[in-house]
Amino acid sequence: MILTELKVENFRIYGEGDKSLNISFKTGLTAIVGENDSGKSSIIDAIRFALGTTDQDWYKLEESDFHKGDFKREIRITCKFENLGTAELRAFVEYLTYDVTGEGGAPSLHVNWIALDTGTILRGRPFRRVEMRSGKDGNGPTFVQELRERLKTTYLRPLRDAESALSSGRGSRLSQVLLQTKEIESSGVNYDPDSPVSPEKLGVLGIGDFANDLLEKQQSISDTKSEIDTHLGKLSLHGDGLKSSIKVSSSKDSNNRRLRQLLEKLDLTLSDADAHAYFGKLGLGSNNLLFIACELLLIAQDDIGCKLLLIEEPEAHLHTQRQLSVMSYLQKKAVELGVQIIVTTHSPNLASTINLNNIVMLQNGNAFSLAQGKTKLEMPDYRFLTRFLDVTKANLFFARGVMIVEGDAENVLLPTIARLIDCDFTAHGISIVNVGGVGLRRYAKIFQRNDENEEFNIPVACVTDMDVMPNCAPEIIGKIQPGSEYPALTESSRRWRAKRDFTADRLVEYRSKIDKKASGQCVKTYVSDEWTMEYDLAYFGLADEVYIAAHLAKKDASFAESGKDFTELELSNEKNVANEKLKKIKESITEKGFTEGSDSYKEHLASHVYAMFTRDTKASKPMAAQYLADIFDILENKLTEIDWQKKLPPYLIKAIEYVTRSSSSSDVKADEK
Amino acid sequence: MSGYDSFELPEITDDDIRHASQLLDLPSDAFYGPDGDDPRQDAIKCMDSIDVAACPGSGKTTLLVAKLAILARKWSSPTRGICVLSHTNAARHEIENHLGGTSEGQKLLGYPHYIGTIHGFVNEFLALPYLRSSGYSSILFNSEISKQKILSYSKGGKQLPRYFYNKIKEEKLRLDAVCNAIYIGSELDIKISSGNIDFQLKRKGAKKDGSFNILDQWKKDILESGYAAYGDIFAYGQKMLTEYPGIISIIRGRYPMLFIDESQDNSNEQIDILNRIFMNEGSSVVRQRFGDGNQAIYDFWGEKEAIIDAFPALNPIELPNSHRFGQSIASLADPLGLNPCGLKGAGPKYSLNSGLCDRNTIFLFDEDNIGNVLGAYGDLILDIFSEQEANSDWFRAHAVGNIHKPAKEVKEAKFPRDVKHYIDTYDHELNKADPKPNSFLQYLSAGKSLSEQQGETYPMIEKIAEALLRLSSYSIEQKVIERRRYKHRYVLDLLKQDSDCWFREKYLGLINKLAVDNYIPGKEEWEKKWCKPIKVLAKKIVGAEELKAEADEFLKWDDGLFSSTEKDQITKPRNNIFLHSKNGREISIKVGSIHSVKGQTHTATLVFETFWNAHNLKKLLPWLSGDSSGWKRGSGTQQKSRLKSHYVAMSRPTHLLCLAMKRKHINDDMLVALKGNGWKVCEMLKDGQQISL
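Line by line, the protein sequences give chains A and B.
Take 0 as the starting number for the first sequence in numbering that gives the first Met the number 0 and just add one per residue.
Take 0 as the starting number for the second sequence in numbering that gives the first Met the number 0 and just add one per residue.
Quick caveat, the hints were computed from the structure, so don't treat them as lab data.
Worth double-checking, as some hints may not be accurate.
[Stated by the list, open to error] What follows is a set of in silico ranges between Cβ atoms, one per label pair, in the way DEER data are often shown:
| hint | chain 1 | residue 1 | chain 2 | residue 2 | range |
| --- | --- | --- | --- | --- | --- |
| 1 | A | GLU148 | B | CYS45 | 29 to 35 Å |
| 2 | B | GLU455 | A | THR117 | 21 to 27 Å |
| 3 | B | GLN105 | A | THR141 | 43 to 49 Å |
| 4 | A | THR141 | B | ASN267 | 52 to 58 Å |
| 5 | B | LYS73 | A | VAL143 | 52 to 58 Å |
| 6 | B | GLY204 | A | GLU451 | 41 to 47 Å |
Heads up, the beta-carbon is just placed ideally off N, CA and C, and yes, glycines get one too.
Can you make the complete structure from the sequences, with help from the hints?
Right under this line is the structure:
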């Protein structure tokens with residue numbers, strides 16, 4: 000059976016009604032990802048409380064486990080199981096919830112764990128009544144002990160001491176694993192001292208008896224034994240006749256006990272492929288791996304009950320490469336063995352290795368499954384994201400706000416700009432995702448729910464270009480020869496658009512078409528007010544800075560070829576050169592009769608600045624962004640936030656303000672109005 | 000052997016049977032017989048579907064318990080189990096009594112097995128899951144509450160649909176019967192039955208504002224408020240089977256083996272639903288039914304005689320010989336069996352010093368000396384059994400009658416009608432497992448004796464709370480009192496709803512005085528000082544304005560319960576035991592109904608003449624006198640029922656069987672015939688003496 004739904008009420012950060020946690024699970028592996036304190040451990044603990052764990056640990060309910068607020072002090076944790084097998088249906092028949100609509104839907108099993116703080120003090124401690132009931136609303140019978148055992152999950156805590164769990168000793172995990180395997184008793188033959196067989200043919204018990212026999216005959220052991228017996232003879236009262244025996248396992252016990260005793264003497268260790276070199280004490284990482292493998296084997300043995308493995312933060316003790324291999328192993332094995340695995344992680348590294356379908360994002364006390372059907376992502380989107388969602392992008396799972404940008408230039412520049420207008424990304428926990436030119440909207444759709452009622456509370460801004468140039472630009476940036484007409488729109492070489500290609504209405508329509516491709520719910524698209532980011536920066540008041548940065552970027556490229564770097568002097572020289580050039584450009588624009596400060600003037604100037612990225616030895620946009628960021632740094636103290644607000648393109652300011660607003664849903668809603 | 004869905008049922012060996020005999024403290028040949036050819040061993044080893052037809056005292060229950068003990072020990076599946084069903088929880092109690100302390104018993108009584116009543120099973124596995132899955136939370140099946148609610152919805156019957164109203168007026172349908180309407184069948188049709196009137200209203204095609212829909216809506220409202228009539232259980236069970244037929248294979252898989260005890264008493268409705276769950280269509284489970292075709296008390300003969308799958312089926316394993324009694328009792332009881340199986344008396348287990356010769360006696364009485372019957376029976380017992388025998392563990396003397404609930408008025412011709420005519424202090428309520436007291440003071444008395452027995456005040460407190468709740472139920476407004484397990488806590492909860500704690504304090508004060516200080520007021524004090532405040536408290540508990548006249552009746556002083564003198568403040572025992580003493584020896588005789596002694600073994604049994612349409616024993620005279628040709632001429636429903644219940648009564652005793660009959664009913668010829676059939680006859684005289692005839 001599969002745990003498909005979990006509902007947590009009045010437990011720690013989770014409240015009642017809207018404030019309760021509802022989370023759905025699938026077969027195989029589910030990864031719960033979220034920043035620290037987002038409630039990952041509370042989910043794992045809720046499952047541990049509700050179902051119990053196989054390690055027999057006892058968890059005491061604490062005062063702090065009750066949600067703070069004006070609620071009934073009653074924790075309710077409900078686990079819904081589906082896909083019960085025939086044997087499971089039989090075992091739980093009186094506890095099931097049936098589809099009595101006559102449609103023949105499969106029965107489900109609900110486990111309701113209810114802890115009520117009665118408010119009374121019994122023997123100096125608060126008395127809390129805990130019940131475990133079945134039924135959709137917790138009105139079914141309480142589970143008998145036999146079935147509670149079968150509902151227990153296996154829990155691996157972070158930083159668990161895997162080494163001791165794998166060593167020999169009473170009740171060792173290894174002996175339990177071995178005992179569960181079907182062949183342990185049946186394979187091999189027993190040892191018969193009268194008709195010895197070759198030792199390879201012996202079963203485990205046979206090996207034990209054979210060893211006993213050898214030990215008994217071994218000289219020094221038998222000497223010691225008779226010495227002990229002599230002492231015993233002197234000490235015991237007449238007629239008692241005490242005798243010692245030195246054995247691997249006592250032959251008087253039942254076969255089952257002897258087998259257990261033998262297996263408990265075994266240690267699990269690792270050696271290299273030739274089985275020669277012994278590695279000695281294993282690192283925690285390797286032990287954890289072994290341990291997880293053992294637990295998987297154990298869980299897979301049972302055919303009735305909960306086959307659920309909870310792993311908290313598997314990234315503990317595993318270095319990056321191993322994390323990847325462990326996660327892909329777990330994802331594969333979970334399906335193969337029919338085991339359900341729930342892991343929690345706050346590692347982007349680990350998250351990036353998990354199929355998007357298996358991820359549940361935790362945010363502000365809400366859980367969002369990213370499985371197909373839950374998001375607006377389609378099948379091809381999942382395929383795309385599985386390939387391209389790498390570790391650098393995986394931090395979107397942990398962010399409080401996400402800025403999705405087209406390329407490196409935005410990636411470099413936006414954090415700096417944000418700082419200038421006092422919206423620091425780091426302080427606000429904003430992740431910036433650079434899609435590198437492809438699939439911007441696919442990343443955005445991760446945050447769009449199929450069910451509009453379960454909206455994400457994370458502001459997600461997509462920043463993209465309008466890509467419509469001013470009418471003067473084609474000539475300035477060299478798309479057409481000076482004085483010539485625009486080629487017809489239908490021509491294949493005509494990839495660009497200018498404003499005059501549109502009526503005013505059509506331009507608005509064109510903009511909203513771009514906007515709509517990735518907007519809705521918590522996702523908003525911010526389209527550049529004019530053309531591209533660089534153009535807009537130049538147009539709205541930073542023409543000088545962009546021009547200088549572009550100039551430096553061009554120079555940088557030639558310097559880099561000669562293997563040198565700018566010196567301070569060269570840098571300031573180059574800046575002067577750039578300023579001179581810019582001065583001439585400005586003069587040429589006024590000569591053409593455009594008044595400084597007019598829209599046409601700004602269009603011409605910005606087009607000339609942008610031409611730096613399109614003509615001759617094109618300036619690299621990311622490189623220019625780097626220099627621009629440096630220039631902004633220098634200017635930071637000279638200009639006030641208000642100055643910056645005036646000089647920066649409005650769409651960037653809006654985008655930054657949107658993602659960095661304190662992410663409460665009421666704000667977002669108010670903004671939409 | 001393999002059961003449902005290739006489930007490997009364990010095989011039962013001679014070793015297992017020996018082990019079980021030991022466990023149950025039985026002789027090692029208990030299931031083999033002295034010659035080793037006892038059919039009991041076949042019954043115990045058989046692992047196929049079979050019916051086991053037993054005779055009274057043949058140790059049917061012991062055999063079943065032994066078999067279950069063996070199966071429990073050998074049962075290997077942790078999630079599939081044995082299902083043992085009966086009408087009553089008798090089988091469960093047997094197992095608790097005989098195997099309770101053993102590991103076998105613990106296994107049987109727990110998961111994954113089920114041992115309980117048919118109603119309980121249908122409730123737990125079908126009805127409740129159906130209601131739960133339909134969104135009804137914890138429904139309590141309680142006919143009384145259901146009835147009270149319909150009574151109040153219909154404004155005490157005044158607003159019943161015209162259809163019922165006419166039926167009540169013209170056909171003498173009882174209002175109670177309408178209020179007790181239950182659902183029947185998976186369509187949830189409505190069934191109403193009272194006495195000879197018995198009819199159903201179909202859901203299909205019911206008119207929108209017709210009688211069906213009105214009643215149906217009321218029943219739905221009751222369900223919404225968390226209740227349903229007890230009789231609805233089967234209908235919801237049937238509904239579940241229809242709506243989710245997949246559950247059938249799940250249940251069969253869970254319980255690949257089914258035992259039904261007391262199978263002779265299964266009604267058509269029970270057989271139908273059990274067959275639907277376990278037997279019909281697809282592969283069925285292994286079903287073993289145990290019963291005695293001659294012992295059925297519940298009357299399902301008559302018009303509805305066409306029993307489906309009746310017990311026993313063809314070729315049952317028969318367990319004829321009785322370990323209980325000797326041949327003399329066997330010969331007297333056997334003719335009453337509907338299918339006389341030739342009772343063989345192989346008992347009794349304990350032989351007497353005096354060497355029991357046939358002393359089975361019919362006492363003949365008249366109206367004016369009926370009170371001496373029990374005494375005469377006591378004298379006879381003292382005469383037969385030595386002091387040591389009468390004091391031993393196995394000794395049990397009983398006196399039973401077919402009718403034991405007294406009627407208000409009895410016409411002379413019907414006398415003696417019921418058990419109370421023989422023993423004036425008889426209280427039929429006490430015959431129930433947990434006797435229900437009739438007055439506030441009886442509650443106190445019951446509580447007091449329980450508290451004294453257990454040395455705890457708790458039982459007394461519970462009884463006080465129960466008495467108060469009962470008093471509250473007599474409110475004019477018909478306020479509904481829920482059935483809660485802990486009455487004291489319930490009363491406290493109800494009083495808590497008032498912010499003002501005054502009444503709570505008063506209630507606790509009352510508890511304190513009665514249960515802690517152990518104070519019982521005298522008659523005058525009770526009537527003058529106690530009754531009024533208790534009534535006020537009872538009204539407060541349910542928020543009622545006024546109590547009905549029954550409330551005063553309930554609070555009436557009872558002289559017999561608590562004596563006013565301090566000297567003998569010993570409470571009178573509330574049990575139906577008749578103490579008989581003579582020459583310094585004393586024996587107790589337990590008085591009750593035939594129904595209440597079903598399945599029991601007595602040392603001596605006296606069967607009273609009682610009246611049910613006719614005098615029962617008088618009507619049985621042909622059988623009692625050895626001429627049962629009357630039976631062969633075909634007897635009516637009533638006579639069959641009469642035969643069955645008296646067969647049960649007469650097959651109880653191991654040593655002594657007595658009857659009490661009216662002198663007038665026996666003429667001289669009959670006297671000769673009875674004596675010829677082995678009875679001693681003894682006539683009661685006016686002065687308390689008696690003579691043998």
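Q: Using the beta carbons of GLU148 of chain A and CYS45 of chain B, state whether their distance is inside 29 to 35 Å or not.
A: 34 Å, holds
Q | CB-CB spacing for THR141 of chain A and GLN105 of chain B relative to the 43 to 49 Å hint | A | 19 Å, violated
Q. When you take the CB atoms of LYS73 of chain B and VAL143 of chain A, is the distance between them in 52 to 58 Å?
A. With Cβ atoms ~21 Å apart, the hint is violated.
Q: Return holds or violated for the Cβ distance of THR141 of chain A and ASN267 of chain B against the range 52 to 58 Å.
A: With a Cβ separation near 35 Å, THR141 of chain A and ASN267 of chain B fall outside 52 to 58 Å, so the hint is violated.
**Q.** Pairwise beta carbon distance, GLU455 of chain B to THR117 of chain A, judged against the given window 21 to 27 Å
**A.** Because 24 Å falls inside the window, the suggested range holds.
**Q.** Hint check for GLU451 of chain A and GLY204 of chain B - Cβ pair distance inside 41 to 47 Å
**A.** Holds: the Cβ-Cβ distance is about 45 Å, inside 41 to 47 Å.
Comparing the model with each numbered hint stated earlier shows that hints 3, 4 and 5 do not hold.
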